[in-house]
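What follows is each chain in one-letter form.
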Amino acid sequence: MSGGDAPKVKETPAEKIAASKASARWNERQQDGYLDLEVAQVADSERDYREFFAGRTSADIAKKELEANKGLGTATVQKLGDLSDTVREASAVGKTDAAIQAQAIKDNRRVASSKLGSDIAGAALQGFDTTAAMAGQRAVDKVQNKIIKNNARNQMVMDLASAAATGYGMKKAGYSVGKKGISGPETQVYDAKQGKNVTQAGRNYGWSPLLQGL
Amino acid sequence: MATATTARTINSGLTVVGSAYPALNIRSGINSAVKAPSKKSKTPYGDMLLDITNQQQQLYDQLYRPLNQRLIQDVNSTAIVDQAKQEASAVDSGKYIARSQRQQLRYGLNATPQEQEAINYQQQLGGALTSDGNINNARVKQQERNEQLRSELVNISRGISAQAMDSATNAAGAESTRKSTNANIQAQNTAAEKGVYGAIGSMALMALMMM
Numbered sequence: 001m002s003g004g005d006a007p008k009v010k011e012t013p014a015e016k017i018a019a020s021k022a023s024a025r026w027n028e029r030q031q032d033g034y035l036d037l038e039v040a041q042v043a044d045s046e047r048d049y050r051e052f053f054a055g056r057t058s059a060d061i062a063k064k065e066l067e068a069n070k071g072l073g074t075a076t077v078q079k080l081g082d083l084s085d086t087v088r089e090a091s092a093v094g095k096t097d098a099a100i101q102a103q104a105i106k107d108n109r110r111v112a113s114s115k116l117g118s119d120i121a122g123a124a125l126q127g128f129d130t131t132a133a134m135a136g137q138r139a140v141d142k143v144q145n146k147i148i149k150n151n152a153r154n155q156m157v158m159d160l161a162s163a164a165a166t167g168y169g170m171k172k173a174g175y176s177v178g179k180k181g182i183s184g185p186e187t188q189v190y191d192a193k194q195g196k197n198v199t200q201a202g203r204n205y206g207w208s209p210l211l212q213g214l
Numbered sequence: 215m216a217t218a219t220t221a222r223t224i225n226s227g228l229t230v231v232g233s234a235y236p237a238l239n240i241r242s243g244i245n246s247a248v249k250a251p252s253k254k255s256k257t258p259y260g261d262m263l264l265d266i267t268n269q270q271q272q273l274y275d276q277l278y279r280p281l282n283q284r285l286i287q288d289v290n291s292t293a294i295v296d297q298a299k300q301e302a303s304a305v306d307s308g309k310y311i312a313r314s315q316r317q318q319l320r321y322g323l324n325a326t327p328q329e330q331e332a333i334n335y336q337q338q339l340g341g342a343l344t345s346d347g348n349i350n351n352a353r354v355k356q357q358e359r360n361e362q363l364r365s366e367l368v369n370i371s372r373g374i375s376a377q378a379m380d381s382a383t384n385a386a387g388a389e390s391t392r393k394s395t396n397a398n399i400q401a402q403n404t405a406a407e408k409g410v411y412g413a414i415g416s417m418a419l420m421a422l423m424m425m
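If you're matching them up, the sequences are chains A and B in order.
Anchor point for the first sequence: position 52 equals 52 in the working numbering, and the numbering is continuous, going up by one each time.
Anchor point for the second sequence: position 5 equals 219 in the working numbering, and the numbering is continuous, going up by one each time.
Just chain A, same shape as in the assembly:
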């Protein structure tokens, strides 16, 4: 295994999906118009509402004026006018009041649903994240396991090669393996009695060197 072909942890499909969901959720703000709402809210916070309420004030003044004018009429006219006003006010604003209340109820329900939906989308995002994290961890584990196996294989090859090289070298040096284990090379020693060099068997090391090697 060379440095170039080291195993790599690749991006899993689950991670790609989770990242795309995060991106989509973010884009949703712009696509659906949430961002515009935020911009409008900030812009409106600076708005001068005096003009907006000016119309209402004019109507209020005119109403007050009408009330004041009533006092100028006879008692009969005034009483009839008051009665008519009461009836008219009650009937004129009824549908608008109902529309306001109905709108408020509808809004509350829809906003509650919307918040629930947002929670659901958030839970889904978390689910995608968790799935991605698990897939990512599996990918890392897979690569690490591969490394452990590769290292073990390399170690085994080196041990065998080392043993083979050692054995080759020792054989070249005259070492041999017999029933009693490893024996050293034969040596020539001078025998005084015979007055010449004689061959002496190599020292026997037994099996321990091999066992130690293992």
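Since the hints were derived computationally from the structure, they do not count as laboratory data.
A hint or two may mislead.
[Unchecked claim] The list that follows gives simulated cross-link-like pairs (lysine-lysine, BS3-like), each with its CA atoms no further than 30 Å apart:
(1) 256/B - 146/A
(2) 299/B - 106/A
(3) 172/A - 408/B
(4) 79/A - 309/B
(5) 408/B - 171/A
(6) 149/A - 309/B
(7) 299/B - 10/A
(8) 142/A - 249/B
(9) 254/B - 146/A
(10) 106/A - 16/A
(11) 254/B - 149/A
[Claimed, not checked] From chain A, some residues computed to sit far from chain B (all C-beta separations above 10 Å):
(12) 18
(13) 110
(14) 128
(15) 135
(16) 186
(17) 188
(18) 197
(19) 199
[To be verified] Here chain B is said to cover these stretches of chain A; the calculated rule only asks that three of the stretch's residues, wherever they fall, bring their Cβ under 8 Å from a Cβ of chain B:
(20) 23-31
(21) 37-48
(22) 95-104
(23) 159-166
(24) 201-207
All values derive from a computational prediction rather than experimental measurement.
Beta carbons: idealized from backbone N, C-alpha and C, even for Gly.
Mind docking chain B on chain A? Use the hints.
Okay, now just chain B, sitting in the frame of chain A:
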């Protein structure tokens, strides 16, 4: 949007009755039973989580997101003002004048022509001002309602941002971890490679020396 006229069942779960509810266009497959894990799958529980998560996402996309989109469109609603205008246009001053005249007869009152003129004038002016005031109030109520709704939606928007950022943070973190892991593996691999070359060289030297 179609309107349901009879009781119906959405995906064998939620039963909706009556005609006041809009028909919900939901594809099949949402909120269905969790699929049985494949026998070949090595991560059946992970698959189950993904299945449920996909269903959640589809439910949001098909049911809640369109609702949110409708709500956003509704932020500029003029429904209350429209209602007030409609009501104002329906105000019939003649009706009130006639009512006033019936009341005069009922109570045995005889208004002089000048008094009658004054009463009619008051009725017409009062009617106009009531309508005007009603519309102005409706404008204010509409404004308040729209701003409140927008405020709620902005809060939801901030929630969406937070969710997206959390998820993006997780994705970026995973990417960083992956890059870091790969760099570590590369370094370990290079170290192991040098170790192998060293061992081979050492063995070769040893063999040479023993020859």
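Against the structure, the hints come out as follows:
Proximity of residue 256/B to residue 146/A is assessed by CA-CA distance (about 18 Å); at most 30 Å being required, the pair is judged to hold. A hinted pair counts as satisfied when its Cα atoms are at most 30 Å apart, and residue 299/B with residue 106/A qualifies at roughly 21 Å. Note on residue 172/A and residue 408/B: the hinted pairing holds, with a Cα-Cα distance of about 28 Å set against a maximum of 30 Å. At roughly 18 Å between alpha-carbon atoms, residue 79/A and residue 309/B fall within 30 Å of each other, so this suggested pair holds.
Of the supplied pair hints, the one linking residue 408/B and residue 171/A holds, its CA atoms being roughly 29 Å apart against a limit of 30 Å. Proposed proximity of residue 149/A and residue 309/B is contradicted: the alpha carbons are some 97 Å apart, above 30 Å. The hinted pair formed by residue 299/B and residue 10/A fails the criterion: a straight-line CA distance of about 64 Å is larger than 30 Å. A threshold of 30 Å between alpha carbons decides the hint, and for residue 142/A with residue 249/B the separation of about 27 Å falls inside it, so the pair holds.
About 22 Å separates the Cα atoms of residue 254/B and residue 146/A, which keeps this hinted pair within 30 Å; it holds. A distance of roughly 39 Å separates the Cα atoms of residue 106/A and residue 16/A; the hinted pair therefore is violated under the 30 Å criterion. This hinted pair checks out: residue 254/B and residue 149/A have alpha carbons roughly 25 Å apart, not beyond 30 Å. Remark: the non-interface label on residue 18/A conflicts with the geometry, its nearest Cβ contact in chain B lying 6 Å away (cut-off 10 Å).
For residue 110/A, the requirement that its beta carbon stay farther than 10 Å from each beta carbon of chain B is not met, with the minimum near 6 Å. With a least beta-carbon separation of about 6 Å from chain B, residue 128/A fails to lie farther than 10 Å from that chain, contradicting its non-interface assignment. The claim that residue 135/A lies off the interface is violated: its Cβ sits roughly 8 Å from the closest Cβ of chain B, which falls inside the 10 Å cut-off. Every beta carbon of chain B lies more than 10 Å from that of residue 186/A, the smallest distance being close to 16 Å; the non-interface claim holds.
For residue 188/A, the condition that its CB be more than 10 Å from all CB atoms of chain B holds, with the nearest at approximately 19 Å. Under the 10 Å C-beta cut-off, the non-interface status given to residue 197/A relative to chain B holds; the minimum distance is some 24 Å. Separation of residue 199/A from chain B is adequate, the least Cβ-Cβ distance of about 21 Å exceeding the 10 Å criterion. For a cut-off of 8 Å, the count of residues in the region 23-31 of chain A with a CB near a CB of chain B stands at 5, and the three-residue condition holds.
For the region 37-48 of chain A, the stated coverage by chain B holds: 5 residues have a C-beta nearer than 8 Å to a C-beta of that chain, and at least 3 were required. Note: the region 95-104 of chain A has 6 residues with beta-carbon separation from chain B under 8 Å; the three-residue rule is met and the coverage holds. Counting residues of the region 159-166 of chain A whose CB lies closer than 8 Å to any CB of chain B gives 4, so the stated coverage by that chain holds, three being the minimum. Coverage of the region 201-207 of chain A by chain B is violated. Counting CB-CB distances below 8 Å, 0 residues qualify, and the rule asks for three or more.
The structure does not agree with the numbered hints 6, 7, 10, 12, 13, 14, 15 and 24 stated previously, though it agrees with the rest.
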